[in-house]
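Trainee: Listed below, chain by chain, are the residues.
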Amino acid sequence: MKKTLNHWLLKYLSPEPDSYNKVNLDKRFLLAGISSLLGACTAPQPPGKDEDNSTKPVEYVPPGENVSVDQNQGIDCTLCAPGVNPPIGGLPGTPPGQQSPPVGTNPAPNPAPSPAPAPAPTPNPAPDLSTQTYQSLGPEAVNIETSDMMGNLTQTMADGVPITVWGFTGLNNSSFNGDTTRLCPGPVIEMFEGQATTITLISTRPHTLHLHGLDVDQANDGVPSTSGYVTRMLPPFLPPPPGINLGEVFSYQLTAPHAGTYMYHCHVDTVLHMEMGMSGTIVVRPRDGRKDILYTNGPAFDREYIWQLHTFDSKWHTNGLPPVSGSGYLRYTPDYFMINGRDGADILSDSASSIVAAAGQQIVIRLVNIGYMPAVVNLGGILFEVLCSDGRPLKSPLPNRVNDWMVAPGERYDVRFVMPQSGQVMASVNYLDIRGLNILGSALSSITTL
Amino acid sequence: MDRRDFLKTGLGGIASAILTTGLTIAVPNRAQAATVVFNLTAQEVFKPILGTTSLLTWQFVDATAPSLGNLQSNMVVNQGDTVVVNLVNNLPAHPVSFTVPGLLNAPASIPPGSSQTYEFVAEKPGSYVYYDDANLQLGRAMGLAGPLVVLPMDNPNAIYSNAEPDHQFDKQYILMFQEMDSRINNAVAAGLPVDMTLFNPEYFFVNGLSYPDTIYNAAGVIDDNKVILMGANQNIALRFVNGGLIYYPMHFHGYHANVVLRDRILEQHVVEKDTILVKPNECVDTILSVGSQLGLYPLHTHYLPGVTTNGKYAGGGLLMLKAI
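Just so you know, the protein sequences line up as chains A and B, in that order. Quick note on this note's numbering: the first sequence kicks off at 2 and runs consecutively. Quick note on this note's numbering: the second sequence kicks off at 61 and runs consecutively.
Please keep in mind that the hints were generated in silico from the structure rather than gathered at the bench. Glycine residues also receive a C-beta, built at the ideal position from the N, C-alpha and C atoms. Careful, some of the hints might be misleading.
[Stated by the list, open to error] Dumping the calculated EDC-like pairs for lysine to aspartate or glutamate here, alpha-carbon to alpha-carbon at most 16 Å:
#, chain 1, residue 1, chain 2, residue 2
1, A, K292, A, E194
2, B, K339, A, D434
3, B, K231, B, D273
4, B, K231, B, D241
5, A, K396, B, D284
6, A, K316, A, D336
7, B, K372, B, D241
8, B, K382, B, D230
9, A, K396, B, D230
10, B, K382, B, D283
11, B, K184, B, D283
12, A, K396, B, E327
13, B, K107, B, D241
14, B, K107, B, D273
15, B, K382, A, D434
[Said to hold, decoys possible] What the simulated footprint calls covered on chain A by chain B, stretch by stretch (three residues with Cβ under 8 Å from a Cβ of chain B suffice, anywhere in the stretch; the number is not a length):
#, segment
16, 136-142
17, 176-185
18, 201-214
19, 222-231
20, 331-337
21, 422-432
The following block holds chain B by itself, in its conformation from the complex (with noise of 0.2 Å):
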């Protein structure tokens, strides 16, 4: 039986849901390592900008994962699985590769029309981006990125295997960053050449989406499947993946949070933050302890460009904590 019917079935009891901006994906919890696979499909999409604006972007489409207005397939998997990657490279004029820094390096590349298997063992747990190699960074900059969880065997509402009660949570979420500047995108849709030493980005997404769709839902009304809505006292892990080209520096309003994992490895010195830095290709894996302090507070980039859309106040990823 292949994931997606034990998501279906509920076999094995569903553990803890991931979510991520207005998109849920319930995870199993196995008591043993399967193989899991995926099937990608890279490919052009046009994606609108604020309903008018639209742009050509690359897209790791999975054409059997729920998708709101999300650039890229999100994986979850169990610590010790088997993950198999079917990609076909729908790109008309351009190679693709999948690489997985700390899974997967140094892919083959495939060109138009080509597909290739990567498979690899999901051995540590943490976060983890997968992109595009073979365009060298003009891959990130068109979309062409995801996230990929891995949850430990022993505990999947944990960040690592064995992890002290600070690092285990109630509910986690993954946030991916991206960005793009038209310019590139529109000089890759008419074909023309591409300086990428020009990268200077005027939209900005979390998960694919930017404000108000990072909030609010279409009729103006804050949206709490769209918020990282959280209780009272609860553990919530935020999982930042930097799926693009730029720093985000994170800052919470409201509250601190610990680095947990930076890259896999165990933060020991520089944790409790309420603005946190996350590089290009790096991913963080943090933990907020809610406590009693509840309401709406912000999360977003203290590049405060990245906060707007096409140089206007408010926009981008802007991203709102709603504990209650």
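So that you can see chain A by itself, here it is in the shape it has in the complex (with noise of 0.2 Å):
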């Protein structure tokens, strides 16, 4: 609960582009309230604590034009008692097509609500004032560092089982979602289509940034041997990477032409370091700013998830040094499944993997392959659209929405679906071998309705 509201309140603190200008201090002291009225928490965040040590103002975002306004506004749901569905007033009808979830097909891991209600939510009359459920670093200058290689960073899966991992971090350890212990995957780098941006990586050991599918020209590609290594200097029992040392700092420059999902990760021995956890995803918004569409009058939404799909073999991490790939890694065999770093019933309390909004809400995820393993996704029922795929627009609509969509190893998609009217749903992401024939692991998450 701790760390779901120090989430919720950095990203109301998170730099924002300099497109808005507006400053809107009451909303902030009205979060410190709430927070304080809810009781289970820390303190707010206080100022100066976001990724580039400067107080930036809480900027208001108007919602789209075709977003519903959210009756819970303000409050993130996880504080609520699990299994606890507060009631909201005035919902609208069912929208047409909609599919009520099925009925006793996946058992939701907390029991059926209680007949009783549960206390009614503070209201607050401020709408929510960022759709998406995640940190993010960007748009300005953006600097990256490497976490260590010699086998001293952990991150403990859902068994207890502590996993050796490498990882990126923005600067004062920023990460995915504020949590500190989810070294993998790396922090979410925010663009604006059409600005400029400088994305810096720090390295005392050697590595790259690639950044999948921005098509930068190859002096910003992150290939060692087109484009040189970032490293302070080669320790000596690790043979050099291809390539030119390009120092302790290397800035990587580009600009965004297309809104989308995109991914970064190292690209020294690329096997073994995107397995060690190092990748992370590239949103870029559409030129105007706005963060409730995919692009310039694109699909609007009211929430927005990253799920990061990818596996561990635990064998990979516990290797031994020197880390450098081999016959040692042969024949990948993944034993954890996971979305965005965690597994079993880690990804039911994360609320950056587990989906909460009210009915009728449009939801996003964008769905980033960064493992190995083909990952077949399912909403628990819930049909879902298909909008976009690798930072573009598919070229023409699918003709209906769908039950599962396949994500390989490297592709994104951009989905979208609209919130059941009550209840609770189990999502899926069951893992393929590389032959498409056996699923070989699952990562559950569930969708429920406020």
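Take the two lone chains and join them into the complex the hints point to.
Mentor: Structure (structure tokens):
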């Protein structure tokens, strides 16, 4: 609960683009007031704790045209007790074509809600200030650092096993969702169409940033043999990567022409470094800076999630030193199946991965396969639209919404669905073997209507 | 005059060269359909891996086809051609057949020492894969597969007939994927039973080559005959043919490419991609528009173990786009 509230407050303190010039201090105080009302929360994040050590004003983002207003505005639903659905007055009628969640197929982790209604949430007339459910770095200069390669950092899985990981962090250890126990995936980088952006990598060990899908030129492509690698020095026991040693700091320059979802990952000894956790997501916003549409004049949404799809093969993380790919890393056989670096029950308690929203809201999930296995996504029977892929709208819309969709390694798809009228369904990500024949394992998340 | 003579004399002019990592095939532009004959032998070939290990493989060998480490005979024909394949089975202990999904299905299989003629008409333009189906997946695991490309009659520099300008190209490449699990090859070599459910490859090939041979020559210099060589503002057709058993999500550095055909069907929806999935037996014809972006950019599967050889990065099917 604690980390959820920190995340919720931090997202209002993250830097906003220069195109906004409104400062809305009232909302910030209101947020602080709510947090203390709810009791079991830490103090609000003090100013100055965001990524570049300055206090940015809280900006009001007006909702898009077809966005329904969240009756539960401003309240992060994971703060409610599990299994309890606070009543919402004045629900709109079921939109045409809306499918109600299947009954009895996917048992929810918690029993059915109690018949006694929960206390109504404190009314908050202010609209939701941000659609996104994760932290992000950017759009001004983004600074990324690499973490230790010597086996000192771990991420604990749902079974309690600590797995050695390597990661990217923003300055001040900022991470994917403000939770510093989660090193992998790395922080989300946010950019704007047409805006020249600098992403600076600081690394004392050999690493690069490959900006996957952003079609940057060779010098900024992050491939060691064609554009060098970033390192302070080479420890004597590590063979040098191909290419030129760029030094400890390198700034990648790019301008993204297309709004959409992209990835970044290290491209040194890539098969090993990416498995160890050196990857993350880049979101490019439309030119006008709106955060509630996928692209200019494109589909709108009320809430937005990122699901980074990947697995771990724990043998690869315990292979000892020196950490260089070779026969010790033969035959990738995953044994942990994740969304956003969490597996098992940890997904259900992760506010960035388990979806909670009001009935009728439009929800976008940016599906990003940062792993090695084909992933089939199913939203518990909720049909969804597949709208964009690899940073481009589909050339023509699919004729129907779908029940399942495969995301292959390296691909991204932006999908959208409407929240059911009530209840909870279990979404699943089934990871297939590379032949596409068998399901090796699954990651389950929940979609809960407020 | 058979097709090989056409190539030697250049009669009718060379319309476009199909290049496959170090291998060039000239294709004449004929005014009308012809009968094209291929003589293939299914035989054992010991394939050196990284110059040391040698794997027993099975290959369809065409004695007249140019070969630079390639595993297969590259078949390129015109729409409407009658294709005749004379196959001889020189495998010591296994049957073999010749199937081309979309053109020739449920073919007869033949025992060792026998021969069989397969005949079909190349009706629909696009890329196809041919392979042995008499041993279920083992034929492909051992290397019995190859690409077949049908060029439209109206324009050999287009993906299909009456193609829009975006689906025409200046150059075309065939890129065929295969992979091998040495435990399978070694079991076949020793005459032991084979369990294909365990197939989990550690060797990966494009047109029979693994990195660095997919990019560099023997002296370690980037070889312009091996890279995907492109000019500014050109359209480059990349025909992905999956002759193997695993998924290949092919990721482009530097560019997005457009999916034109998936198994000869025009793709209407998921078109502009930086990562294009090619499933086993699937053929995906794509066009990359180079524009003004020059330089060196890798092209490789994002199943990153496929960019290794025996676990070591870099290896496997790592390709390079070179725009000059």
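Trainee: For every hint, state whether the structure bears it out.
Mentor: The hints, checked one at a time:
Proximity of K292/A to E194/A is assessed by CA-CA distance (about 12 Å); at most 16 Å being required, the pair is judged to hold. With a C-alpha separation of about 12 Å, the suggested pairing of K339/B with D434/A holds against the 16 Å cut-off. Distance restraint check for K231/B and D273/B: the Cα-Cα separation of roughly 21 Å exceeds the 16 Å cut-off, and the hinted pair is therefore not satisfied. Distance hint between K231/B and D241/B is unfulfilled; the C-alpha atoms sit about 33 Å from each other, more than 16 Å.
For the given pair, K396/A sits about 34 Å from D284/B by alpha-carbon distance, which is inconsistent with the 16 Å threshold. Only pairs whose Cα atoms come within 16 Å are accepted, and K316/A paired with D336/A is accepted, the gap being roughly 9 Å. Proposed proximity of K372/B and D241/B is supported: the alpha carbons are some 15 Å apart, at most 16 Å. Pair hint K382/B plus D230/B holds up; C-alpha atoms about 15 Å apart against a cutoff of 16 Å.
Note on K396/A and D230/B: the hinted pairing is violated, with a Cα-Cα distance of about 24 Å set against a maximum of 16 Å. Between K382/B and D283/B the CA atoms are separated by roughly 10 Å; this keeps the pair inside 16 Å, and the hint holds. Using a Cα cut-off of 16 Å, the hinted pair K184/B and D283/B is violated, with the two alpha carbons roughly 34 Å apart. Taken as a hint, the K396/A and E327/B pair is honoured in the structure, with Cα atoms around 9 Å apart against an allowance of 16 Å.
Between the alpha carbons of K107/B and D241/B the distance comes to roughly 13 Å, so the proposed pair stays at or under 16 Å and holds. This hinted pair checks out: K107/B and D273/B have alpha carbons roughly 14 Å apart, not beyond 16 Å. Between K382/B and D434/A the CA atoms are separated by roughly 32 Å; this puts the pair beyond 16 Å, and the hint is violated. For a cut-off of 8 Å, the count of residues in the segment 136-142 of chain A with a CB near a CB of chain B stands at 0, and the three-residue condition is violated.
Given a C-beta distance limit of less than 8 Å, the hint that chain B covers the segment 176-185 of chain A is violated, as 0 residues qualify and 3 are needed. Three residues within the 8 Å Cβ limit are the bar, and the segment 201-214 of chain A against chain B gives 3, so the coverage statement holds. Interface restraint, the segment 222-231 of chain A with chain B: holds (3 residues with C-beta to C-beta distance below 8 Å; minimum three). For the segment 331-337 of chain A, the proposed coverage by chain B is satisfied: 4 residues have a C-beta within less than 8 Å of a C-beta in that chain, meeting the threshold of three.
Given as covered by chain B, the segment 422-432 of chain A fails the check, having 0 residues with a CB less than 8 Å from a CB of that chain where 3 are the minimum.
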